[in-house]
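Protein chains in written order, with the numbering used here: chain A, 135 to 383; chain B, 720 to 1148.
Just so you know, these hints were derived from the structure itself, not from any lab. Hints are supplied without guarantee of correctness; some may be wrong.
Keeping only pairs whose Cα atoms sit at most 30 Å apart, straight-line, the calculated DSS-like set for lysine-lysine is [to be verified]:
#1 B:K1108 to A:K241
#2 B:K1081 to A:K241
#3 B:K997 to A:K241
#4 A:K196 to B:K997
#5 B:K997 to B:K1084
#6 A:K196 to B:K755
#7 B:K1040 to B:K893
#8 B:K755 to B:K944
#9 A:K241 to B:K1084
No experiment lies behind these values; they were computed from the predicted model shown.
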Amino acid sequence: MNIGIDLGSRALKMAVFEGDELVECRMVESGFNPHQQAEELFKSFPPCRIMATGYGRHLAHKNFANGVITEIKAHALGARYFFPEAMTILDVGGQDSKVITLNREGKVVNFQMNDKCAAGTGRFLEIMAASLGFTLAEFGPIALSSGHEAPINSMCTVFAESEVISLKNHGVPAADIARALHLAVVSRLAGMIRRQEANAALVFTGGVARNPAIISLLQEHLGSEVLVPSLPEHAGAIGAALHAQMSST
Amino acid sequence: MQDFEIKPYPELWHELDMDVERFDKARQMLGGAYSKIFLSQNNRPQAMAYFDEMIAEIFGGRIKELVQAKKEGRPVVGTFCVYIPEEIVLAADGICVGLCGGSPGSIPDAEKILPRNICPMVKSAFGFKAGRICPYFQAVDFVYGETTCDAKKKTWEILDRLVPTYVMEIPQMKKERDRALWIEEVKDFKAKIEEISGKTISPEQLAAATKVINGKRRALQRLTKLRAANPAPISGKDALLIEQIAFYDEPVRFAAKVNELCDELEVRVAKSEGAFPKSALRVMVSGTPMALPNWKIHNLVESAGAVIVNEESCIGTRYFKDLIAEGTEDLDQQLAALTDRYMRIDCSCFTPNDERVTQVLKEYKDSAAQGIIHYSLQFCHTYNIEEIKIREACQQEGIPYLSIESDYSPDDVGQLQTRIEAFLEQVEG
Ligand code: SF4
Ligand code: SF4
Chain A
135 MNIGIDLGSR ALKMAVFEGD ELVECRMVES GFNPHQQAEE LFKSFPPCRI MATGYGRHLA
195 HKNFANGVIT EIKAHALGAR YFFPEAMTIL DVGGQDSKVI TLNREGKVVN FQMNDKCAAG
255 TGRFLEIMAA SLGFTLAEFG PIALSSGHEA PINSMCTVFA ESEVISLKNH GVPAADIARA
315 LHLAVVSRLA GMIRRQEANA ALVFTGGVAR NPAIISLLQE HLGSEVLVPS LPEHAGAIGA
375 ALHAQMSST
Chain B
720 MQDFEIKPYP ELWHELDMDV ERFDKARQML GGAYSKIFLS QNNRPQAMAY FDEMIAEIFG
780 GRIKELVQAK KEGRPVVGTF CVYIPEEIVL AADGICVGLC GGSPGSIPDA EKILPRNICP
840 MVKSAFGFKA GRICPYFQAV DFVYGETTCD AKKKTWEILD RLVPTYVMEI PQMKKERDRA
900 LWIEEVKDFK AKIEEISGKT ISPEQLAAAT KVINGKRRAL QRLTKLRAAN PAPISGKDAL
960 LIEQIAFYDE PVRFAAKVNE LCDELEVRVA KSEGAFPKSA LRVMVSGTPM ALPNWKIHNL
1020 VESAGAVIVN EESCIGTRYF KDLIAEGTED LDQQLAALTD RYMRIDCSCF TPNDERVTQV
1080 LKEYKDSAAQ GIIHYSLQFC HTYNIEEIKI REACQQEGIP YLSIESDYSP DDVGQLQTRI
1140 EAFLEQVEG
């Protein structure tokens, strides 16, 4: 048995493999003591090799994990688990986004991470959804229901929020504002993807890959297909578990 | 290791009109950082003791030497660029100190006056003067700047209000007429140093000074060659520290100490002993200067278990890879040989500057590195743009490559750590 734990900024994810078979995935909020939270997660499983990834990986290594890999490598492995041919991966999580390019053998050849800024991350969408009075789950579908976007100039979370409020006060439909905000995120992400000369189909991982508006606008923007794994938020944990397996032999 | 301290010299600092109280806090912080980053390393060469001592005495011992020199009427010149010919200062029995700033602590002082969106090295240095929190800056008689990048060029005009600042014109291209101008500028520089020191530089003095500075360069070249061994006999952090100290230490003593260190490293190499295990990944850094105490990238890379084996940088090989041809006692020929040597420095402020791309690839091979991290200070346009060509060359040669643009703030450390670790995973394959 091998376990992968992804200690993200917003959530902890765990994937458990029995041989080649994924037997369990769990997710909880990170909370104040992420490594203790993580220990709760795997406590019911028999002792085995644990590989940590994500923001809190070194803390986990100090406390319980057998080794660490970066989110970059973890998502590369995780994306290949779902799509064995994957060459380009977009991962959008709570606090950062990355684009990873692989060679045919699945090795990372290039990657980018977005810089020090909430724009283009799950956090941006979360704050904007709240300022329009939606839950995160409602936000994507609402945006999809609009065919027309309100003008939004700023991608900075602080300024965008005040723009949203002023648009709302001018009676602009919430769906149009939602669409504009999603478009703003997508054009950021597409910019990152283009920098990397990605031509093969894109695999989209991370919690934001659950958002239907981001997927659809991204396909439109790139003019190509976007593949989403069945468990996009667990791709990192799955990759870490697979690495635990590889490195134990 | 626990009792390491950077020694305080409050009276000396008073004499230099410094903000003593504030500076003393910075001194303590720097001492703490130094213990943590340097003294905690394993398998350090014994000869690093001299350089540790240089840091312990950074705000006292060397400063006293500068103050003493001034009392003797010898000029003490502050510089910001490897294009300023230090042998001319030495020939007039003067002292040249590099004043580049590598600390975030002085940036708020600079940002009261200068725009925020310029290079942190310029801001840090300017802030040291504005806040009166650098004894070196306080000790120099004057500053000799140069026309390289825009940030520096225009800052000289403002800095001149705080300390006399002269400017040497460095051309932007390397054509024959640029060389002619350059030689004239070197002559003007010499005239200024002569005027201020009240001495005339003789060809014998210039020849002797050239020999001294060439000796310093040779010692650093020797150190660089030894780092090519696997296992690396010295950490990248220690080597960078030495390259930083090269800018303010007395050159003859410094070269002797570097050579002593190299003797020790030769024995290590023969015995296959290293500062890092043989399996450690080997990384080369290329790009903008890393001024004292900017140890950010080296610390991150080496904390992740890899070793840095070369710095293609001004605080690095760009400072010492070229020697001045010696052997003539004719002043004009000497100045021409000097100019030719300085013209070989491949700073991105020049266009075109393809020599640098070739040089990066050469150093990559010579140092037996396995990957290159390009490091550019934030808002340094010339290095940031030239990065494109370095990246393309690495892609073509199949060299694992990572580009980092960063300043001195700790804000991006978490993200840089992830990027560097992911890069090392990539190098490992
Ligand atoms: S990078 Fe260029 S301008 Fe800056 S110190 Fe080096 S040579 Fe001078
Ligand atoms: S690093 Fe770049 S911007 Fe900064 S002083 Fe040197 S050349 Fe100028």
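Next item on the list: Quickly compare the C-alpha distance for B:K1108 and A:K241 to 30 Å and report which way the hint goes.
Entry: Holds, at roughly 24 Å.
Margin query: Given the hinted pair A:K241 and B:K1084, is their Cα-Cα distance within 30 Å?
Written below: 23 Å, holds
Notebook entry, point to check: Given the hint that A:K196 pairs with B:K755, does the C-alpha gap stay at or below 30 Å?
Noted result: 19 Å, holds
Note to self: Hint check: A:K196 vs B:K997, CA-CA at most 30 Å. Holds or violated?
What the structure shows: 25 Å, holds
Note to self: Would the hint linking B:K1081 and A:K241 be met if the CA-CA limit is 30 Å?
What the structure shows: 26 Å, holds
Next item on the list: Assess, step by step, whether the Cα of B:K1040 is no farther than 30 Å from the Cα of B:K893, and give holds or violated.
Entry: The given pair, whose Cα atoms are some 18 Å apart, holds under the 30 Å limit.
Note to self: Can you confirm whether the C-alpha distance between B:K997 and A:K241 stays at or below 30 Å?
What the structure shows: It holds: about 24 Å lies between the C-alpha atoms, which stays within 30 Å.
Notebook entry, point to check: Is the hinted pair B:K997 and B:K1084 satisfied, with a Cα-Cα distance of at most 30 Å?
Noted result: Answer holds: B:K997 to B:K1084 is near 18 Å, not above 30 Å.
Check: Is B:K755 within 30 Å of B:K944, Cα to Cα?
Finding: 28 Å, holds
Consistency with the previously given hints is maintained throughout, with no hint failing.
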